[in-house]
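Once you have looked at the hints, place chain D on chain A.
Single-letter residue listing:
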Amino acid sequence: MARNYPFSAIVGQEDMKLAILIAALDSSVGGVLVMGDRGTGKSTAVRALAALLPEMNTVQECVYACDPNAPAGTCPICDELRIKLKLGGKLKTIKKSVPVVDLPLGATEDRVIGALDIEKALSSGEKAYEPGLLAKAHRGFLYIDEVNLLEDHLVDLLIDVAASGANVVEREGLSIRHPAKFVLVGSGNPEEGELRPQLLDRFGLAVEVKTPQEPKARVEIIKRRDEFERNQAKFMEIWEKEDDIIRAQIQAGKKKLPNVKVDNAMLEKVTQLCSHLGTDGLRGELTLLRAMRAYAALCGKNRVTIEHLKKIAVPALQHRLRRNPLDDSSSGVRVKRAIEELFPEKTK
Amino acid sequence: MENPEQTQEISKSAKLETWLRALQVAQLLVINPHGLGGVILRARSGPVRDRWLAYLNTVAQLGGMRLPLRKMPLGISDENLIGGIDLDQTLRTGKAVLRQGLLAQCDQQLLLMPMAERVEVGAVAKVVSALDNGFISIERDGQSRKIESHFGVVALDEGIEDDEQPNEKIRQRAAFLLNLDILGWRDLPETDDDFVPDSQSLQDARENFSNVTVSEDSLDALVGVAEQLGVISIRALNLAMNTAKCLAAFDSEDEVSSMHLQRAIALVLSPRATRMPQSAPPEEEEVPMESDEQPENEQEPPPETSPEDQKQEEEQEQEDQEDQEPEGTAETPQALEDEILEAAQAAIPADLLARLADLADLKSPKGMGGKTGAVKVGRMRGRPLGNMPGMPEGGKTLSIIDTLRAAVPWQRVRRAEMLAAGKAIPLGKIMIRKEDFRIKRYQERTQTLTMFIVDASGSSAMHRLAEAKGAVELLLAECYIRRDQVAVMSFRGSAAELILAPTRSLVKAKRALSGLPGGGGTPLSRAIDESFEVASTSMRKGLTPALVFLTDGRANIAKDGSPGRPKAMEDAQQSARAASYYSFKSLWIDTSPQARDEGKAMAALLGSMYLPLPNAGANEVSQAIMQGLKKA
Numbered sequence: 021m022a023r024n025y026p027f028s029a030i031v032g033q034e035d036m037k038l039a040i041l042i043a044a045l046d047s048s049v050g051g052v053l054v055m056g057d058r059g060t061g062k063s064t065a066v067r068a069l070a071a072l073l074p075e076m077n078t079v080q081e082c083v084y085a086c087d088p089n090a091p092a093g094t095c096p097i098c099d100e101l102r103i104k105l106k107l108g109g110k111l112k113t114i115k116k117s118v119p120v121v122d123l124p125l126g127a128t129e130d131r132v133i134g135a136l137d138i139e140k141a142l143s144s145g146e147k148a149y150e151p152g153l154l155a156k157a158h159r160g161f162l163y164i165d166e167v168n169l170l171e172d173h174l175v176d177l178l179i180d181v182a183a184s185g186a187n188v189v190e191r192e193g194l195s196i197r198h199p200a201k202f203v204l205v206g207s208g209n210p211e212e213g214e215l216r217p218q219l220l221d222r223f224g225l226a227v228e229v230k231t232p233q234e235p236k237a238r239v240e241i242i243k244r245r246d247e248f249e250r251n252q253a254k255f256m257e258i259w260e261k262e263d264d265i266i267r268a269q270i271q272a273g274k275k276k277l278p279n280v281k282v283d284n285a286m287l288e289k290v291t292q293l294c295s296h297l298g299t300d301g302l303r304g305e306l307t308l309l310r311a312m313r314a315y316a317a318l319c320g321k322n323r324v325t326i327e328h329l330k331k332i333a334v335p336a337l338q339h340r341l342r343r344n345p346l347d348d349s350s351s352g353v354r355v356k357r358a359i360e361e362l363f364p365e366k367t368k
Numbered sequence: 014m015e016n017p018e019q020t021q022e023i024s025k026s027a028k029l030e031t032w033l034r035a036l037q038v039a040q041l042l043v044i045n046p047h048g049l050g051g052v053i054l055r056a057r058s059g060p061v062r063d064r065w066l067a068y069l070n071t072v073a074q075l076g077g078m079r080l081p082l083r084k085m086p087l088g089i090s091d092e093n094l095i096g097g098i099d100l101d102q103t104l105r106t107g108k109a110v111l112r113q114g115l116l117a118q119c120d121q122q123l124l125l126m127p128m129a130e131r132v133e134v135g136a137v138a139k140v141v142s143a144l145d146n147g148f149i150s151i152e153r154d155g156q157s158r159k160i161e162s163h164f165g166v167v168a169l170d171e172g173i174e175d176d177e178q179p180n181e182k183i184r185q186r187a188a189f190l191l192n193l194d195i196l197g198w199r200d201l202p203e204t205d206d207d208f209v210p211d212s213q214s215l216q217d218a219r220e221n222f223s224n225v226t227v228s229e230d231s232l233d234a235l236v237g238v239a240e241q242l243g244v245i246s247i248r249a250l251n252l253a254m255n256t257a258k259c260l261a262a263f264d265s266e267d268e269v270s271s272m273h274l275q276r277a278i279a280l281v282l283s284p285r286a287t288r289m290p291q292s293a294p295p296e297e298e299e300v301p302m303e304s305d306e307q308p309e310n311e312q313e314p315p316p317e318t319s320p321e322d323q324k325q326e327e328e329q330e331q332e333d334q335e336d337q338e339p340e341g342t343a344e345t346p347q348a349l350e351d352e353i354l355e356a357a358q359a360a361i362p363a364d365l366l367a368r369l370a371d372l373a374d375l376k377s378p379k380g381m382g383g384k385t386g387a388v389k390v391g392r393m394r395g396r397p398l399g400n401m402p403g404m405p406e407g408g409k410t411l412s413i414i415d416t417l418r419a420a421v422p423w424q425r426v427r428r429a430e431m432l433a434a435g436k437a438i439p440l441g442k443i444m445i446r447k448e449d450f451r452i453k454r455y456q457e458r459t460q461t462l463t464m465f466i467v468d469a470s471g472s473s474a475m476h477r478l479a480e481a482k483g484a485v486e487l488l489l490a491e492c493y494i495r496r497d498q499v500a501v502m503s504f505r506g507s508a509a510e511l512i513l514a515p516t517r518s519l520v521k522a523k524r525a526l527s528g529l530p531g532g533g534g535t536p537l538s539r540a541i542d543e544s545f546e547v548a549s550t551s552m553r554k555g556l557t558p559a560l561v562f563l564t565d566g567r568a569n570i571a572k573d574g575s576p577g578r579p580k581a582m583e584d585a586q587q588s589a590r591a592a593s594y595y596s597f598k599s600l601w602i603d604t605s606p607q608a609r610d611e612g613k614a615m616a617a618l619l620g621s622m623y624l625p626l627p628n629a630g631a632n633e634v635s636q637a638i639m640q641g642l643k644k645a
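In order, the protein sequence lines correspond to chains A and D. The working numbering applies: residue 21 is where the first sequence begins, and numbers increase by one. The working numbering applies: residue 14 is where the second sequence begins, and numbers increase by one.
Quick caveat, the hints were computed from the structure, so don't treat them as lab data. It cannot be assumed that every hint is accurate.
[Claimed, not checked] The calculated lysine-lysine pairs, modelled on BS3-like cross-linking and capped at a C-alpha distance of 27 Å, are:
1) A:K147 x D:K159
2) D:K447 x A:K147
3) A:K104 x A:K116
4) D:K613 x A:K147
5) D:K572 x D:K613
6) D:K108 x D:K447
7) D:K572 x A:K147
8) A:K140 x D:K442
9) D:K159 x A:K140
10) A:K116 x D:K159
11) A:K115 x D:K159
12) D:K159 x A:K254
13) A:K37 x A:K274
14) A:K330 x A:K37
15) A:K321 x A:K356
16) A:K140 x D:K447
17) A:K147 x D:K523
18) D:K108 x A:K140
19) A:K331 x A:K281
20) D:K442 x D:K453
21) D:K436 x A:K140
22) A:K112 x A:K275
23) A:K275 x A:K116
24) A:K115 x A:K331
Only chain A is shown next, with the shape it has when bound in the complex:
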């Protein structure tokens, strides 16, 4: 099967790339929504993400690839393994790559949440649970292209699981509950219908992409695409080195993240901005805070500064604004304006 186009070879689209990197660095930021023009490399960027992620430590015998340090009670299989080990023993671990799972349109519910293995049921009458896409995406990313075309009943399901971090399947008298914590990544074209607010809210960051206009960038895009199609191996070899650099940056950022400090003055600014914009609930504040921290870590900084806030406020907040009947500018512009009003350039 063809390989994915490398992340580092994507020309421009810095906002989108940054949002994806932040989500890769800290999953608690809560997913990325990429909306915008057609043919701007939305899906290319998300699919390329898989190659950038550092491997993760998993429990070897657990089908859900759980974290060995996860608390007891989250995963039935790990719990069972722990009981077998008795006291003092350690779970066997293995490194696995972080999953980036596609949820294609037209997927049926049973494949999303998992179902009984039809073959086993037929051949031996056995009831064996076969994990679905949500289980596969555990600790990784779940990508939905054309997210606004996803069928309603699947959206409901996703919202539910994304909120609880666990997936419950009841079938043929079997009841299975397994952890399903994943980062939602969605892309789509806003002209084809809006997202339900409940789903919109699940995304930590939202970015808008536009077709690049600058002729040089346009030439570069088709040139690279041509090279990629003609000689994939060579192309990958060149860009893998660049991808390596980004991977190292993510890894360093992950290490740094717990030590990144946010002082009280900065916290106040976050609250100030959110209340000024009138974002609903606490989610906006929390996401902004986490995203700022992750961004600082990505930059290799120990403290969050006002520059980090300014850079990340638009993607963290723009999809959480209420419509204002007296102001018809786009929500991104409104966030920017609020930043300028509240924190004029002199803050240095």
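Showing chain D alone in chain A's frame:
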């Protein structure tokens, strides 16, 4: 807009040229179906289209495709399109057997999509994702599989109106947009036999196109020309490049020459042009010439995202070049670009710009993309849209077949369970449990509510009111035929009054209109507030509202009923801004004797389509509204 005179003006040679271009498209699609995405063929069903399809079929077989055209029926189910479990085989063999869908079967062939303009967006999205990925991702019925499939799409567009087009997703990914509607049977050559390529060169081209190289100068020229034609999409650039490669491969060359590039641009980019490069052919009257060097005089409709300064720069460059006729030899990238541009221009469809001007006006402001009667997924009626798990309650319909299908694989498990529990097994009966239940889903087209908001004030002079009434009556008849609902609100004095609540009764409507008195102030703000309230209520009831304002837009009664123009205008503007968030379709017919800025500004705030109709009679108004509502 379709313009009959213009169509007739197209000369015989131009028609032949169009046909030959169509034949070349067929050849290219056979050479690289997947890399070129496909073709959108706009043509009514008839001998011309049949002949093109026959030619395509012939060429495809020569090129080595065995079953070249696989038809995708309208309203195909996901199961047939993507694939799913083959229940029969699965039960028979005791092993899960996957049934391939149509998309998987199309590998290395062409998918024929009849009535492409009517294919529902979900199905288009699935086709398109297979096109993008080169594989079909099946996550259905317990099966998880990826199947490689590289196909191209032949979308038959039978739309008549301009807004009836195949979904933009597929238009973006198909290299070629052909319009054969301008051709009649008599315009075609006697036979296409002379244009049938030999099998060997087709097959060689199929093998070699991927090795063809493109020089950087050619790429620069390609991007430059796209810029001049106002083609923004990167996909279009890629498709043009791939087309050039196929053309080169067909000529047994290993590098794209300027001739190939020219041809590719004429085939792929010209039909997508959103503006005319400045040396437009003189007969194009409606096209504002870009000969002016002042940036302020930019007046042609540029695609909204195009950066002015950059374009300006290009123009200047182009301007400088214009005096020296571009020579046939392409030495510098600029010269190459000019040369190609000339060829590209010649291939721009004649009626393109007239049509463009229309379409630019019609972009709905919020991009809600709804046609007459937005689509609603419901549970009661409409076109079947598959099934989902759920209980048949609250008016939902049980899908018996799907429920049985869901239950069948688990019979053995259930039997064993019953045995173990010591219960008697009902002989010869299928055991169905709660989780098997499937309910039907439908897609229904919602009804449209056309609401007229008529200015009955003194400022809309009495005779205007009479015309408005006449227009509304004519429209009512039209709406009646379409079984749409209508409502009429009038405003005068200090209030807006819903004189006709949403109804389908023609008689009622006529009666309401005939008693409509005129005179008094213009409480525009109230009219806007109240009409949108009625519209949003009707939306909650499942109707798709469209609003038609007939007014001169000169408010003089404020929201609180007090007279005074400035306050009244301010209130009206505020109401319009608030109302614009509903994103309803609306039409603003300016009835003032001379078109005024007030009306235009209000329409812009509301996001309405603006139609000044200073001296139109009832007939013209009703025609304008019909046109406008179809598109707005």
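key: Ascending list of hint numbers which this structure does not respect   = 4, 7, 17, 24
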